[in-house]
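This is what each chain is made of:
2 protein chains.
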Amino acid sequence: MAESAGPLLPALKSIVGEANILTADEDVAPFCIDWRERYRGRARAVVRPGSTAEVASVVRCCAAHSVPIVPQAGNTSLCGGATPHAAGDEVVISLSRLNRVRAIDKDNATMTVEAGMPLAAVQDAAAQAGLLFPLSLAAEGSCQIGGNLSTNAGGTAVLRYGNARDLVLGLEVVLADGRMWENLKGLRKDNTGYDLKQLFLGSEGTLGIITAALLKLFPKPRTSTTAWAAVANVAVAVGLLGAMRAALGDRLTGFELVSADCVALACAQFPAMTDPLPGHPWYVLIQADDAAANSPVTAEVENALADAIAGGQVRDATIAQSESQASALWSLREHIPDAQRREGPNMKHDISVPVSRIPVFLDRAREALDAAFPGLRYVVFGHLGDGNLHYNLSPPLGVEAAAFIAETARANRIVYDLVAEHGGSFSAEHGIGQMKRADLAHYKPAIDIELMRRIKQALDPHSLLNPGKVLP
Amino acid sequence: MAESAGPLLPALKSIVGEANILTADEDVAPFCIDWRERYRGRARAVVRPGSTAEVASVVRCCAAHSVPIVPQAGNTSLCGGATPHAAGDEVVISLSRLNRVRAIDKDNATMTVEAGMPLAAVQDAAAQAGLLFPLSLAAEGSCQIGGNLSTNAGGTAVLRYGNARDLVLGLEVVLADGRMWENLKGLRKDNTGYDLKQLFLGSEGTLGIITAALLKLFPKPRTSTTAWAAVANVAVAVGLLGAMRAALGDRLTGFELVSADCVALACAQFPAMTDPLPGHPWYVLIQADDAAANSPVTAEVENALADAIAGGQVRDATIAQSESQASALWSLREHIPDAQRREGPNMKHDISVPVSRIPVFLDRAREALDAAFPGLRYVVFGHLGDGNLHYNLSPPLGVEAAAFIAETARANRIVYDLVAEHGGSFSAEHGIGQMKRADLAHYKPAIDIELMRRIKQALDPHSLLNPGKVLP
Chain A
155 MAESAGPLLP
165 ALKSIVGEAN
175 ILTADEDVAP
185 FCIDWRERYR
195 GRARAVVRPG
205 STAEVASVVR
215 CCAAHSVPIV
225 PQAGNTSLCG
235 GATPHAAGDE
245 VVISLSRLNR
255 VRAIDKDNAT
265 MTVEAGMPLA
275 AVQDAAAQAG
285 LLFPLSLAAE
295 GSCQIGGNLS
305 TNAGGTAVLR
315 YGNARDLVLG
325 LEVVLADGRM
335 WENLKGLRKD
345 NTGYDLKQLF
355 LGSEGTLGII
365 TAALLKLFPK
375 PRTSTTAWAA
385 VANVAVAVGL
395 LGAMRAALGD
405 RLTGFELVSA
415 DCVALACAQF
425 PAMTDPLPGH
435 PWYVLIQADD
445 AAANSPVTAE
455 VENALADAIA
465 GGQVRDATIA
475 QSESQASALW
485 SLREHIPDAQ
495 RREGPNMKHD
505 ISVPVSRIPV
515 FLDRAREALD
525 AAFPGLRYVV
535 FGHLGDGNLH
545 YNLSPPLGVE
555 AAAFIAETAR
565 ANRIVYDLVA
575 EHGGSFSAEH
585 GIGQMKRADL
595 AHYKPAIDIE
605 LMRRIKQALD
615 PHSLLNPGKV
625 LP
Chain B
155 MAESAGPLLP
165 ALKSIVGEAN
175 ILTADEDVAP
185 FCIDWRERYR
195 GRARAVVRPG
205 STAEVASVVR
215 CCAAHSVPIV
225 PQAGNTSLCG
235 GATPHAAGDE
245 VVISLSRLNR
255 VRAIDKDNAT
265 MTVEAGMPLA
275 AVQDAAAQAG
285 LLFPLSLAAE
295 GSCQIGGNLS
305 TNAGGTAVLR
315 YGNARDLVLG
325 LEVVLADGRM
335 WENLKGLRKD
345 NTGYDLKQLF
355 LGSEGTLGII
365 TAALLKLFPK
375 PRTSTTAWAA
385 VANVAVAVGL
395 LGAMRAALGD
405 RLTGFELVSA
415 DCVALACAQF
425 PAMTDPLPGH
435 PWYVLIQADD
445 AAANSPVTAE
455 VENALADAIA
465 GGQVRDATIA
475 QSESQASALW
485 SLREHIPDAQ
495 RREGPNMKHD
505 ISVPVSRIPV
515 FLDRAREALD
525 AAFPGLRYVV
535 FGHLGDGNLH
545 YNLSPPLGVE
555 AAAFIAETAR
565 ANRIVYDLVA
575 EHGGSFSAEH
585 GIGQMKRADL
595 AHYKPAIDIE
605 LMRRIKQALD
615 PHSLLNPGKV
625 LP
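Just so you know, the protein sequences line up as chains A and B, in that order. Under the numbering used here, the first residue of the first sequence carries the number 155, and numbering increases by one thereafter. Under the numbering used here, the first residue of the second sequence carries the number 155, and numbering increases by one thereafter.
Fair warning: there could be bad hints in the mix.
One copy or two, it doesn't matter: identical chains are merged, so the pair holds either way.
[Unchecked claim] Below, simulated SDA-like cross-link-like pairs (lysine to any residue); rule was C-alpha separation at most 20 angstroms, straight line:
1. K339 with P513
2. K260 with D278
3. K167 with R194
4. K374 with A480
5. K374 with N566
6. K339 with D320
7. K339 with L431
8. K339 with Y570
9. K260 with G577
10. K167 with R254
11. K339 with P599
12. K339 with Y597
13. K167 with A400
14. K339 with T562
None of these hints come from the bench; they were simulated from the model.
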């Protein structure tokens, strides 16, 4: 092939043009450090193809030179999944220039977008068509849809709409040998052979490079309600989740758990925040949405909460009376990670267990961690509706941050052992990347890793795609 | 391994016991013919293991003897996917004795069931726990959940709940070498490596044998509404679908298209049926359900239909005033296939195209088929909400059935070529089995088939699992 002739860099240049290949240290650097600044890699070059055909040519060229590839979209991985290694032998393929909406089909309730579109831009394009693309997460202004799909992103609306995987009807992918595979048909039912797109969703760029996707769209909510309820303990919160689901069905789009310590932390770090219902140990933030314009969903949430107060499950509750009150409740929830960061270094755990086992898991984990780290402070919040908690730990008062962070491995082992014991996951929504490969090796059954290797071998036999990520 | 010592049949007998291995022709015969009686195969034996461990031992034993395996659940495949070949060298593994509910977790809204449970029994077990398992299809009394999952079954509630694949959180699978792989954790978020269960869902027993599954459950609907609306053409029906989705959101669980010819056929063959709104060319059957007990969903459907009548999209409509009226409307819809069968032989096409392209596809197909088969009668109905139509053809009046059926290949080519031209699927929900392997070879891009072969090679290198199915 023409693109493989001669030395690598001139060949790549001939594909994408001089302006779209970066080799100077200062140009390459931003692509070689992850968002949390935990990994600093090096790369031969950053290549910025402008089309799927160019991505394919670049991959063929790299394959011909046996040069490994790191696909990168918004570079917001929390696990170093899009950061090249320190060895510096890799080429970063940035998908950012593939950022068009290719099509919106309102009657089919679908849209086709390129991998480099920021998630917020995808949401906006759907909204402009009068429809909803429901994937939503903190990084949505800077993350890109190709990254969301290759990491099977979660977010705040999984309870109702599922993870990123569930929002995809079709993909376009450049394979490890530079050929293109695509199925962008937009069918809700298609049982003609193996569902190949599932291989590329959530495999973090190790099996192929997603260049475009055909996404499901949904009716836009026209009535929304946000409530904040105080409960005595997490078991009661789990019971309330069941009651709210039974009352609201799919209109229950969010059910977040927040501890009193989280509220106190957010209010301490952000003086504009206020505690909506002081004096209780746990809270839930309830979001309900309805496609209908004049839905009784607010009255239904009120009635369900009144029943729960009468039944003694809920101690107190407040329903937002305006959009600004609703925003204030969500803002309180969303400022917790930032408040914790401002307060100083901490340990984060993105875990899930079956919803039913969250109360016992929390009790057991607290018991074990209190014994190991007396005075430890717990910052526990997250998507109770999906069983996904951000189980974060701040150092005991008076303990040096550095000394505390040095204990990360010991704390992780305690938390992840108990997660495993309760049938849970040590990486609910963030993936594996570089950061959790050792955890994967430790906690995943050997047969799973063997099957993953066989799939990797089948699709990327020379291990050119994002090597050293995911697979241990 | 002990189970592989000596000749095959005694070895199998020692695993499952004398009573659970069938070898006499009359015992084996029912397992060797498909539900539509199109394929008659032979088998060395039918083995009926009573546990996953026994399934694994049977597979190891067959692998040691290089004997191919046909996994079989309810044996209701419409494509011969569970029927052994005529050569008679295969062993059928019947999953019917694996028929227990292993667990129901109400707080997690999940249940764990074995592969041999009839779908209706799965639905009943969920209902007894106060929850809904929404997969529903005509064969639900006899099909089994393992077959539903390995064929990624569709059915009447896909618009709201998705296909079978979307209802699964975990699987237990016996691999081609007789080892067991399982992930029955019940997590809604788990991004620890490749999502291996996706390989086994929808691959029709060619990559592994599903022995158990952990399924999602949903709130039970407590308010339901069924309506029947007359429209001038299919384009109007597609517009109405968008309007109803916008008004009802997820409460719209079914949106079925029915032609006037279908209604006439059902009423002619089943005199108890009546035409709800005579004199229009097309109808839609609308089902809306709400988890809330006193939901205004009926009023919302009425209002949306009143708007559509005022706007001229809907010509007339009726809303069921009782459960028996609702049942009568669904019964009319569900009797169409039987009415057509009673009327005589016909050709069936289980197709999908993007919802937005259904009107133009129907026009083009009719034009082409009228030219090829003057007087052809069209029996068109199906799940418009998912773009999935049952596009069935009955012979022109006066044409001999046998002469008509002899034209199947020519008619299929016309229909499937146009399906492909409109970005559709020639097998929306029934799969490939034996029947559509040649169509797969013809219509699927070569790269898809190559990727499927690589996956097959990775998971079943000796091609022992359901050989000659799916892959061309």
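Next item on the list: At 20 angstroms max between alpha carbons, let me know whether K260 reaches D278 within a copy, between copies, both or neither.
Entry: within (14 angstroms within a copy, 37 angstroms between copies)
Next item on the list: Have a look at K167 and A400 and pick one of within, between, both or neither, based on CA distance no larger than 20 angstroms.
Entry: neither (58 angstroms within a copy, 48 angstroms between copies)
Notebook entry, point to check: Between the shortest in-copy and the shortest cross-copy C-alpha distance, which are at most 20 angstroms for K260 and G577: within, between, both, or neither?
Noted result: between (41 angstroms within a copy, 16 angstroms between copies)
Margin query: At most 20 angstroms between alpha carbons: which applies to K339 and Y597, within, between, both or neither?
Written below: between (38 angstroms within a copy, 13 angstroms between copies)
Checklist line | K339 and P599: within-copy, between-copy, both or neither at 20 angstroms Cα | finding: between (36 angstroms within a copy, 13 angstroms between copies)
Next item on the list: Could you figure out if K167 and R194 sit no more than 20 angstroms apart (CA to CA) within one copy, between two copies, both or neither?
Entry: Result: close neither inside a copy nor across copies, 25 angstroms intra and 60 angstroms inter.
Next item on the list: Up to 20 angstroms between alpha-carbons, please classify K339 paired with L431: within, between, both or neither.
Entry: neither (50 angstroms within a copy, 35 angstroms between copies)
Check: From the Cα coordinates, with 20 angstroms as the cut-off, is the pair K339 and P513 best called within, between, both, or neither?
Finding: Result: close only across copies, 17 angstroms inter versus 43 angstroms intra.
Check: Using 20 angstroms as the alpha-carbon threshold, which applies to K339 and T562: within, between, both, or neither?
Finding: neither (46 angstroms within a copy, 26 angstroms between copies)
Next item on the list: First find the shortest C-alpha distance between K339 and D320 inside one copy, then the shortest across copies, and answer within, between, both or neither for a cut-off of 20 angstroms.
Entry: For K339 and D320, both the intra-copy (16 angstroms) and inter-copy (19 angstroms) Cα distances are at most 20 angstroms.
Margin query: With identical chains, the pair K339 and Y570 could be close in the same copy or across copies; at 20 angstroms between alpha carbons, which is it: within, between, both, or neither?
Written below: Classified as between; 15 angstroms across copies, 41 angstroms inside a copy.
Check: Taking 20 angstroms as the upper bound on the Cα-Cα distance, should K374 and N566 be classified as within, between, both, or neither?
Finding: Intra 40 angstroms, inter 39 angstroms, cutoff 20 angstroms: neither.
Consistency note: the structure conflicts with the earlier hints numbered 3, 5, 7, 10, 13 and 14.
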